[in-house]
Amino acid sequence: MDVVWLSRLQFAVTVFFHFIFVPLTLGLSLIIAVMETCYVRSGNEVYKRMAKFWGKLFLINFALGVVTGITLEFQFGTNWSRYSKYVGDVFGSLLAIEATVAFFLESTFIAVWTFGWNKVSKRTHAAAIWLVAIAGNISALWIILANGWMQNPVGYVMKNGRAELADFFEVIANPYAWGQFFHTITASWMLAGFFVMGICAWHLLRKNEVDFFKRSFRFGAHFALIFAVITAAFGHLEGQSVAKYQPAKLAAMESFWNTEAHAPMHLFVVPDPQNARNIVEFGAIPSMLSILAYNDPSAPVQGLLAFPKENRPPVTETFISFRIMVGLGGIFILLALIAWIWRNRIENHRRILNILVWLIPFPYIAIMAGWAVAEIGRQPWIVYNLMRTTDAVSPVPSGSVLTSLIAFGVIYFILGALDIWLIGRFARKGPATV
Amino acid sequence: MLETIWFALWALLWGIYLALDGFDLGVGILMPFLARNENERRVFHDSVGPFWDGNEVWLITAGGVTFAAFPTAYAVMFSALYAPLLILLFALILRAVALEFRSKLANPLWRKKWDGILFLSSLAPALILGVFFSNLFIGIPIDQDGVYHGNLLMLLNPYALMGGIFFLALFCLHGALWLAFKSVGQVHMRTAALAKKLWLTTLILALAYLGMTAFHTDFFHKPGAYVPLAIAVIGLLCVRFFLGADRLIEAFLSNMVMILGTAFFGFIGIFPDLVPSDISPEFSLNIHNAASSPLTLKIMFGVVICVVPIVLLYQWWVYRLFSHKITDQDIDGPDAY
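Protein chains in written order, with this note's numbering: chain A, 2 to 435; chain B, 2 to 338.
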C-alpha cells in the first residue's frame with residue numbers, strides 16, 4: 002500500500018483520537034477553576050465537592066490527552082521527516098515553545114492539584130487548577146500557531162533549500178492562526194459546558210443529589226450558552242479568513258464550482274466532484290455566500306473550476322464535514338438557550354434533560370468535523386501553496402507504517418474504550434465517594 | 002558558536018530527562034520484585050505519583066528542541082529509528098495509563114493487569130533508550146540524503162545491547178535509591194539493601210560498557226570527554242558512600258550527577274555530530290549541516306534561557322512539597338493511588 006496514504010491515515014487516526022480528550026481538558030479545567038474559586042471565596046463546602054467530583058472525571062480524561070499528544074510530536078519526525086526537514090526551522094520552534102512554556106506548567110501543577118488537597122493552602126490549591134487551565138489553553142495556542150502556519154505560511158524565506166524563519170513576530174501574529182485558535186478554544190469551552198449539563202441531566206432525571214447537580218448544571222449552562230454563541234461568531238470570522246487566504250477550501254466547503262459575483266448559498270447540495278459539478282442544488286439564498294465571505298453581496302467568489310484539478314481539495318469530504326459542523330453548531334445554540342432559560346427549574350423539564358444526556362457526544366462530533374474541514378480542505382498541500390503532502394513523508398517502508406498503524410488502532414481502541422467507560426462509571430457514581 | 006551552545010543545551014535537556022524519568026522507570030521495573038502486598042505496591046505508586054508526568058515532559062522538550070534547533074537531525078533520527086521510537090512511544094502511553102488507571106478500581110485482577118503493564122512499559126523505555134543512544138554513539142547507516150540503510154536487527158548490535166542493559170541497571174539503581182528515600186519500615190530496608198547490590202551491578206556494567214565504548218568509538222581521543230567521565234565516576238562512588246552512611250537523598254542526588262555525567266560523556270564524545278553516519282563521515286549530521294537558521298536558534302535560545310530556569314524552580318518546589326516519607330497514613334488518604 003501507498004506510504005503517503007498510510008501515513009496520512011495514521012496521522013488522522015492519532016490526531017482525531019487525541020482530540021477526543023483535548024477539548025474537555027481545555028474547558029473542564031476552566032469550569033473546575035471557577036468552581037474552586039467559588040469555594041475559596043465563599044467557603045461553601047458544596048463547591049469543594051463540585052471541584053472534586055468534576056476533577057475526578059477531568060483527571061481520567063486528562064491522562065489520555067497527555068500521552069496521545071506525545072505521539073503527535075514524535076510523528077512529524079517518524080512519518081513526515083521530509084516535511085520536518087523542509088519547514089522545521091519555523092514549525093519546530095513553535096512545538097518546542099509549547100513544551101517549554103505550557104506543557105511543563107500543566108503537567109507539574111496537575112500533580113499539585115491532585116495530591117495537594119491537604120498539603121497547600123486553599124488559595125494555592127485553587128491557583129494550581131488555574132495554572133493547569135491557563136497552561137492547557139496556552140498549549141493549544143502554540144499548537145494552533147503551528148497548524149495556522151501550515152494553513153497560511155507567513156514570516157519565512159526560501160533559503161538553503163528550505164523554509165527559514167524571517168520574521169518571528171509575523172509567525173506568531175498570523176491572523177489565520179488566531180482565528181482558528183479562538184474558534185477552537187471557545188468550541189472546547191462550549192463542549193465542556195454540554196458535558197457538565199449532560200451528566201447533571203442524567204442525575205437529575207434520577208433525582209440524585211438534586212442541589213449538587215442543579216448548581217453544577219448552572220455552571221454548565223452558562224458555559225454552553227456563552228461559548229456556543231461566541232464559537233459561531235468566531236466561526237463566521239474564520240470562514241472569512243478562509244475566503245481570504247484559502248479560496249479553494251472555501252469553494253470546497255460550499256461545493257461551489259463557477260466563479261461568480263452575487264454568489265448564492267444553497268441549502269441542499271449533492272456534490273459530484275468527478276464531473277466538476279453538483280448533481281442537486283436546491284434552496285438558493287441569493288448573494289448569501291458573497292455576503293458571508295466578504296460582507297458584500299456583489300463580491301465575486303472563486304469557484305473550484307478556477308483552480309487546476311491537481312490543486313483542488315477533496316470536495317465531498319470537506320463539504321459534508323462543514324455542513325455537519327454548522328448544522329450542529331446551530332442546534333447547540335438553540336438547546337443551550339433553552340437549558341439556560343430553564344436552568345433554575347430544570348429538574349421539571351424531563352424532555353430537555355433526556356436530550357441533554359444524549360447530546361454529550363455531539364459537540365465532539367462537531368469539533369472533529371471542524372478539524373476535518375481545516376485539514377482535508379487544505380489538501381493537496383501540507384503547507385498551503387508551499388509543500389505538497391505527497392512530498393512530505395518519511396523514506397520508511399510502507400510495511401513499517403502499516404504495522405504501526407495497526408498497533409495504534411488496537412491500543413488506542415482499547416484505551417479509548419476503557420477511558421470512556423471509566424469516565425462513565427465515575428460520572429454515574431456521583432459525588433458521594435469523592 | 003550558536004550551534005555549539007545549542008548542542009550543549011540539547012545534551013543538557015536529554016541529560017535532565019534521563020536523570021529524572023530514570024527513577025520513575027526504575028520504580029516501575031522493581032515493583033513486581035520488591036513489593037509484596039497491595040499496601041507496598043501503593044507505596045511504590047505513591048512514590049512516583051506526583052512526579053512522573055512532569056519528568057516525562059523533559060522528553061517532550063528534548064524532542065521538541067531537537068526539532069526546533071536541529072530539524073534535519075530530528076527528521077533523520079526519528080525516521081531512521083522508526084521501530085524503536087514507536088515502541089518507546091507505545092510503552093510511554095501504556096505506562097501513563099497504567100499509573101493513572103490502576104487505582105481507579107479496587108478489583109484485584111484489574112490492578113494486577115495494570116501492574117504487569119507498568120512493569121513492561123517501564124522496562125521497554127529503559128532498554129530502548131540505552132539501545133538508542135548507543136547506536137547514536139557508534140553511528141547509524143544513513144546516506145547523504147539521510148535515508149536509513151539498515152534494519153531493526155542492526156540496531157540490536159552487541160554494543161547497543163550492552164548499552165540497553167547498562168541503562169536498565171542504572172535506572173533500577175536510581176529507582177531503588179528514590180524508593181529507599183521515600184519509604185519507611187520494611188520497604189525502606191529492602192530497597193536500601195537492594196540498592197547496594199544494584200550499585201555493584203551498575204559499576205560492573207558501567208566498566209564493561211566503558212570498555213566497549215573505548216573499542217567501538219573514538220570518545221577517549223577527545224580530551225573534553227574526560228571531564229564528564231570523571232564526574233560520572235565520582236557520582237557513582239558517592240552513591241555508595243552515601244548509601245553506606247544511610248544518607249539516601251544525597252545518594253540519589255549523586256546518582257543524578259552520575260547519569261548527567263554519563264550523558265555528557267556520550268554527547269561530548271559524538272560532538273560536533275548529532276547523528277553520525279557509519280557509511281561515511283561526510284554523511285554525518287552535525288551541528289552545522291543540521292542546524293536551524295541563526296534567527297531560529299537565537300529566538301529559541303532566548304525562550305529556553307528564560308523559561309527553563311523557571312521550570313526548574315517550580316519543579317523543585319513540587320519535589321520539596323511532596324518529599325515526605327510515605328507512611329500508612331498517606332496510603333489510606335483520599336488522594337492516594
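Hints listed in this document are in silico derivations from the structure and should not be mistaken for laboratory results. Keep in mind that this is a model prediction, so the values were computed, not measured. Treat each hint with caution, since some may be false.
[Claimed, not checked] Computed Cβ-Cβ distance ranges for the label pairs, DEER-style:
| no. | chain 1 | residue 1 | chain 2 | residue 2 | range |
| --- | --- | --- | --- | --- | --- |
| 1 | A | Asn345 | B | Trp318 | 38 to 46 Å |
| 2 | A | Thr391 | B | Ala215 | 57 to 65 Å |
| 3 | A | Lys160 | B | Lys223 | 53 to 61 Å |
| 4 | A | Arg429 | B | Lys299 | 51 to 59 Å |
| 5 | B | Trp318 | A | Asn161 | 54 to 62 Å |
| 6 | B | Asn290 | A | Pro287 | 42 to 50 Å |
| 7 | A | Pro309 | B | Pro224 | 57 to 65 Å |
| 8 | A | Pro287 | B | Phe302 | 29 to 37 Å |
| 9 | A | Trp6 | B | Asn38 | 33 to 41 Å |
| 10 | B | Ala246 | A | Leu419 | 54 to 62 Å |
| 11 | B | Pro109 | A | Glu171 | 54 to 62 Å |
| 12 | A | Arg207 | B | Pro109 | 36 to 44 Å |
[Claimed, not checked] Only pairs whose alpha carbons sit at most 27 Å apart, straight line, appear in this in silico DSSO-like list of lysine-lysine:
| no. | chain 1 | residue 1 | chain 2 | residue 2 |
| --- | --- | --- | --- | --- |
| 13 | B | Lys113 | A | Lys57 |
| 14 | B | Lys105 | A | Lys208 |
| 15 | A | Lys430 | B | Lys197 |
| 16 | B | Lys105 | A | Lys430 |
Ideal Cβ positions, reconstructed from N, Cα and C, are used throughout, including at glycine.
Tested hints:
1. Asn345(A) with Trp318(B): 38 to 46 Å: 43 Å, holds
2. Thr391(A) with Ala215(B): 57 to 65 Å: 46 Å, violated
3. Lys160(A) with Lys223(B): 53 to 61 Å: With Cβ atoms ~33 Å apart, the hint is violated.
4. Arg429(A) with Lys299(B): 51 to 59 Å: Roughly 54 Å apart at Cβ, these two residues keep to the hinted range, so it holds.
5. Trp318(B) with Asn161(A): 54 to 62 Å: 43 Å, violated
6. Asn290(B) with Pro287(A): 42 to 50 Å: 59 Å, violated
7. Pro309(A) with Pro224(B): 57 to 65 Å: 60 Å, holds
8. Pro287(A) with Phe302(B): 29 to 37 Å: At 56 Å between Cβs, range violated.
9. Trp6(A) with Asn38(B): 33 to 41 Å: 51 Å, violated
10. Ala246(B) with Leu419(A): 54 to 62 Å: Violated - the Cβ-Cβ distance for Ala246(B) and Leu419(A), about 46 Å, lies outside 54 to 62 Å.
11. Pro109(B) with Glu171(A): 54 to 62 Å: Taking Cβ atoms as reference, Pro109(B) and Glu171(A) lie about 58 Å apart, which means the hint holds.
12. Arg207(A) with Pro109(B): 36 to 44 Å: Violated - the Cβ-Cβ distance for Arg207(A) and Pro109(B), about 30 Å, lies outside 36 to 44 Å.
13. Lys113(B) with Lys57(A): 22 Å, holds
14. Lys105(B) with Lys208(A): It holds: about 26 Å lies between the C-alpha atoms, which stays within 27 Å.
15. Lys430(A) with Lys197(B): 47 Å, violated
16. Lys105(B) with Lys430(A): With Cα atoms ~13 Å apart, Lys105(B) and Lys430(A) stay inside 27 Å; holds.
Consistency with the previously given hints fails for numbers 2, 3, 5, 6, 8, 9, 10, 12 and 15, ordered from lowest to highest.
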